[in-house]
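Go ahead and model the full structure; you've got the sequences and the hints to work with.
This is what each chain is made of:
There are 2 protein chains.
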Amino acid sequence: MNRYNSLIGLLILFFSCNFCFSQSSEELWLSYSQPLNNKLKETYTSKIKHIQIKTFSETGEIIKTELQMLATKMLDTSISFTSTTPQIIIAKIDNLDSKFKQKINSQSLVNNESFIIQTITVHQKDLLIITGKTDISLLYGTYCFIKQLQLHKDISSISITDSPKIQLRILNHWDNLDGTVERGYAGFSIWDWHLLPGFKKEIYYEYARANASIGINGTVLNNVNSNAYILTSPYLQKVKTLADIFRPYGIKVYLTARFSAPIELGKLPTADPLNEEVIQWWKSKISEIYKEIPDFGGFLIKANSEGQPGPNTYGRSHVEGANMLATLLEPYQGVVMWRAFVYSEQQSEDRAKQAFNEFAPFDGAFKENVLVQVKNGPIDFQPREPYHPLFGAMPKTSLMMEFQITQEYLGQGSHLVFLPKLYEEVLSTDTYAKGKGSTIAKIIDGELYQDHRITGMAGVANIGTETNWTGHPFAQANWYGFGRQAWDPTTSAESIAKEWLSMTFTTDSLFIQQMTPLLINSREAVVNYMTPLGLHHIMNAEHHYGPGPWIANMSRPDWNSIYYHRADSLGLGFDRTQTGSNALEQYPKEIQEQFSNIHTIPEAYLLWFYHVPWDFKMKNGHTLWYTMAWYYQQGVNEVKNMQQTWEHMQPYVNNDIYQDTRMLLEIQYSEAQWWRNACLLYFQQFAKMPLPEFIPEIPHTLDYYKALKFPYAPGIHPSWN
Amino acid sequence: MNRYNSLIGLLILFFSCNFCFSQSSEELWLSYSQPLNNKLKETYTSKIKHIQIKTFSETGEIIKTELQMLATKMLDTSISFTSTTPQIIIAKIDNLDSKFKQKINSQSLVNNESFIIQTITVHQKDLLIITGKTDISLLYGTYCFIKQLQLHKDISSISITDSPKIQLRILNHWDNLDGTVERGYAGFSIWDWHLLPGFKKEIYYEYARANASIGINGTVLNNVNSNAYILTSPYLQKVKTLADIFRPYGIKVYLTARFSAPIELGKLPTADPLNEEVIQWWKSKISEIYKEIPDFGGFLIKANSEGQPGPNTYGRSHVEGANMLATLLEPYQGVVMWRAFVYSEQQSEDRAKQAFNEFAPFDGAFKENVLVQVKNGPIDFQPREPYHPLFGAMPKTSLMMEFQITQEYLGQGSHLVFLPKLYEEVLSTDTYAKGKGSTIAKIIDGELYQDHRITGMAGVANIGTETNWTGHPFAQANWYGFGRQAWDPTTSAESIAKEWLSMTFTTDSLFIQQMTPLLINSREAVVNYMTPLGLHHIMNAEHHYGPGPWIANMSRPDWNSIYYHRADSLGLGFDRTQTGSNALEQYPKEIQEQFSNIHTIPEAYLLWFYHVPWDFKMKNGHTLWYTMAWYYQQGVNEVKNMQQTWEHMQPYVNNDIYQDTRMLLEIQYSEAQWWRNACLLYFQQFAKMPLPEFIPEIPHTLDYYKALKFPYAPGIHPSWN
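Chains as they are written, first to last, in the UniProt record's numbering: chain A, 1 to 721; chain B, 1 to 721.
One or more hints might be untrue.
Intra- or inter-copy, both count: the list cannot distinguish identical chains.
[As the list claims (entries may be wrong)] Here are the simulated lysine-lysine pairs, DSBU-like style, with alpha carbons at most 35 Å apart:
id: 1; residue 1: K709; residue 2: K201
id: 2; residue 1: K367; residue 2: K201
id: 3; residue 1: K101; residue 2: K589
id: 4; residue 1: K640; residue 2: K201
id: 5; residue 1: K436; residue 2: K49
id: 6; residue 1: K200; residue 2: K706
id: 7; residue 1: K706; residue 2: K617
id: 8; residue 1: K434; residue 2: K709
id: 9; residue 1: K436; residue 2: K64
id: 10; residue 1: K252; residue 2: K64
id: 11; residue 1: K101; residue 2: K153
id: 12; residue 1: K73; residue 2: K49
id: 13; residue 1: K99; residue 2: K291
id: 14; residue 1: K617; residue 2: K688
id: 15; residue 1: K92; residue 2: K125
Derived from the structure by calculation, the hints contain no laboratory data.
The structure is reproduced here in structure tokens:
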């Protein structure tokens, strides 16, 4: 059998309706192709026939095109854009006729991206208004309106007011100039730097469209492990071309700035941020950038971390480095996003503590247009980490969240893991910074510290050249979910799952009821089969593909698995209490109180904070060893459950997506077993206890697992080493 | 404006017909979406309603699917596959009813890939038979039949017998295991080695389909600059998966074999081809391969060339190396394709002579299952080269042609160059090997030497992850054309151009009449604006992007441009006559006679064979300098003409393809000027003559052009250096 044969079925389906589209994975959640019953189709059709768009901008053209696509693909009709007796008016609030405007609560337009969708009655007839202060707000309102149709909502008396809670909602592309993507598992970079600026690929427009539809308003085009070459004049012409394409979609471009660029490009002897020539070089470069890109967003900088240059090289602090650039960007309203992901090989201090120690004392010292960009946890995007203790510890600094959407440590290209569940866990965590209820969401959206001028959330993109953008069809949900949570960090993972499933596949309740829990539970599954009970960073070295709890030969102690799990004959886990590194002291007292007792700490964080005896009695009455094995097996079982659920989903999704997901779940199941087997065999050397009876016979020896090598695993390239 | 807006137009088009498809660049020449008038649609529909496919193989399923796609997409109908009163019967000759069989000239089925499409009359009714000896021949017959419909041919009394003239019609993928493609300008490798064997991408099936449709029956999956890792057991499982997918499409897989694999994988101290342990290692590896892939095609080997290991390292000859592997492959009917592309840095001999000197003496020494794979010219895939003198010089050896489909030296990803015109020039060249008319086509298809057991043609693929496969929409024509000329090396470039244009876009004669000459002339254009009059290899170093006649600092003399053009105050060009390297002596006397006189040699090869004074009087009465400038300008003008023609093609092609091609032609025009300007300024230093009046003012200095750097040009990667 081959996959083409399935086309026959598809084509026959084509014939069974006059004009219907299949779900298209290229079009993400915007294919407008879910099944729709005739009644609803008629209702919707009757309400959107005549639309007036009162703006003559490029954004207005985009709105028009999007609505026409919706009408054509979802409703099999076309819209007339007219100013006579429209059913819908899309206009900036200032352009609305006063008779309409007075029926709208324009006070609720709290910022330039807020919008109102409201049905008003004029001469006994319904009129739907989509309005806001700017063209972009109209675009956001339009996508929100379209979503109501995608979700099959009643639009007869619609009334929605919405506004992003976070200002900078940004994708970070770890894309290199040679087209490779660090930690990319969806092919290669979508930026064709070589053919830019002359060749404007369609994918650039599609990318902007997809992001605009979920409210993402910024993109850092290149890798944080940066290459100064992006700042040369020919490359700035390429960047300008992208910026021009993205602008009408409300998306600003940002670049990473290699701190040593004044040496590499400017041929200066130093990159000392206090050196006048260095400052002049940056000033002139920034002036050049803004001449080409007047709304350039600013710089993202990884400094003095993992070999990147930075101000410390010249005896200067992160503050001095960040503020130098921020001062130069200020006249242009540009920002500096300065990453807090720093840890030093010179330090013997617990890596989990270093960023806090380095940055917390700087609170209040950064300029107002500096955001300190902090990863969600203190190590590095693990399946589960406690939250980063900097959240709540820098009240006078704009802290920006950095989530990873690409699944570096979470199964990479082949595991179905719904990340909004992870983001939700982090965002809803209470830091007690201003008493109970001081969630991380409230810190990064500015609610807790009203004087923060700028708020932001970054997601390391999972986008590549794969036809469906993200490789795994379900990884699209993580891009979507990041956008939704960046718009409103209190958005629940469950509501995102339902929305994304409905918009991408079908609103059929049988499908949604089965698939929502599959998505929601998928994150706990990966924790269980990779790193249960607070284990972390025991992946293979460098490419981080597959288990590697035995990794012990990397050049830096904190690049080795044994640094993190500390297995020995006594037990397992990293003592981060007072008897150990005392990383716990970086957290607020409410958390310290709960976590400093091995019997009250949530077991999910047990091995993160404690070195626990193998025979420690867990809450379930069994030993640590037995319980850990139970979780590994539970993770495997959960993937099996996902497979079984998926088998019943064939009627709801197109055959390509069905087959792709089926094959990928098979790989995930096999790799979950690999994780369980390799980790249990490895840790058993120390625990010296038999495998519990529920663990199936392991087909290989530990040496077999240790010998597996993957020199061409994606996301890392020999040239970067 | 943005490109989405064009979708509205497209969607409106959708509505204007009941069910029609746009041209889809993903589907290559197989979209079955050209406009078709109603009369022809009715005629075709009436003739293909009922088809009997008398084979129950996977290939039979593919035939069925393909015909159903044709019916659905081109004719808006569906086929019933039936054994009662079929209008078409597709069956192997042995499975045909004898009453039908007797009306078919089965003698004309000269090999297992031959097919017959013939209308016979049974009970006064027409019956169309598609037959051959094998399932694959039926697939080829089906694609040929489908092509008649795509070309809007009259099929009422169709009678076609066809057969490939060359046995091995093979794509060479220079794809690395990390996903990069050496000399790839269409994205990255389509082989997702990491997710194989578990994840069978749809593109693998689409790739097989496209190749089968043009008769390509083999694919070398990995780079000739080889990595032994492909021969490890886990990778062979991945290769097996691809082989299983490709098999029902008649495509065999081949691999490149790194000659030092016994050292790298087998941990042997040597890779000496006469060493017993080495032989045993290969024997065992080959046995392992055939256990997984019973119809594995064999090995392609680049040995002792550009740093690749080979038998010379151990004092053994190419014959000893090739025959060792051929002996081991023989029991499995596997072949060795041994590349003749060798030149040594130890030799001071003209690089153009070295392959001939090395291989010609071995004529008759290779085993029968060895093919010596020879590039079309003696240097390296230049816009124009004289033919490789080995053709005609090794009558007792199977010589396989190696063409490059990817445009390493011909504008890479952004230049429209129709290569079948180049291939035609080579294939129709007379070698006089057995008297006048001994064309290269007759050498490689075996006509000239009937005792050659195996014949073959290889093309270095231009395929990558770009949505349209080849990056430039018109580069698809080069893949298509290679397939057609590998099937029959006497196929004219013009007929290929017309076929491809018709199948891909429209049969509209206004379109075909304008676009055919554009394609045909495009090859001479690139010769003119890059390397007129026999100039060669004056591209930039390493990535070969853009002009670099000044390149002089590469580690090997023959990697420098100055080695090839030899410009000095006296003149320009490489003296390869008796007074110089005498490469001319490697050619037959008929050619020597014509070429050894500077006044009778075709001017297209002048600077390849002569160092010509700047003021040499050319046939046009002007000096060399003036004439060379004229050709450079002519090349630029030709690109301008292509642009002007293309502007009128908008009604015939879909908007994406129109816009993409328009932007790419703009780049090509700009780069043609770059070539002209940089080369004329450079050579003017030696010629010391003014630029002719027809050359527009050059906006930059020579230093400007020399300073341009492209460290991230595609197709080459730092890690390979």
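Verification of the hints:
Taking identical chains as interchangeable, the C-alpha atoms of K709 and K201 lie at most 35 Å apart only when they sit on different chains, with a minimum of 23 Å there against 37 Å within one chain. In this homomeric assembly, K367 and K201 never come within 35 Å of each other (Cα to Cα): the closest approach is 38 Å inside a single copy and 50 Å across copies. Taking the shortest Cα distances, K101 and K589 never come within 35 Å of each other, neither inside one copy (51 Å) nor across copies (92 Å). With identical chains, the CA atoms of K640 and K201 are at most 35 Å apart between copies only, with a shortest distance of 22 Å across copies and 40 Å within one.
In the homo-oligomer, the alpha carbons of K436 and K49 never lie at most 35 Å apart, since the shortest distance is 51 Å inside one protomer and 74 Å across protomers. Taking the shortest alpha-carbon separations for K200 and K706, only the inter-copy value of 27 Å comes in at or below 35 Å, while the best intra-copy value is 46 Å. In this assembly of identical chains, K706 and K617 lie within 35 Å of each other by CA distance solely inside one copy; the values are 30 Å within and 73 Å between copies. In this assembly of identical chains, K434 and K709 lie within 35 Å of each other by CA distance neither inside one copy nor across copies; the values are 49 Å within and 55 Å between.
With identical chains, the CA atoms of K436 and K64 are never at most 35 Å apart, being 47 Å at best within one copy and 67 Å at best between copies. Taking the shortest Cα distances, K252 and K64 sit within 35 Å of each other inside one copy (22 Å), while across copies they are farther apart (50 Å). In this assembly of identical chains, K101 and K153 lie within 35 Å of each other by CA distance solely inside one copy; the values are 25 Å within and 64 Å between copies. In this assembly of identical chains, K73 and K49 lie within 35 Å of each other by CA distance both inside one copy and across copies; the values are 14 Å within and 30 Å between.
Taking CA atoms no more than 35 Å apart as the test, K99 paired with K291 passes in neither setting, with 42 Å inside one copy and 81 Å between copies. In this assembly of identical chains, K617 and K688 lie within 35 Å of each other by CA distance solely inside one copy; the values are 16 Å within and 92 Å between copies. Taking CA atoms no more than 35 Å apart as the test, K92 paired with K125 passes inside one copy only; the shortest distance there is 22 Å, against 70 Å between copies.
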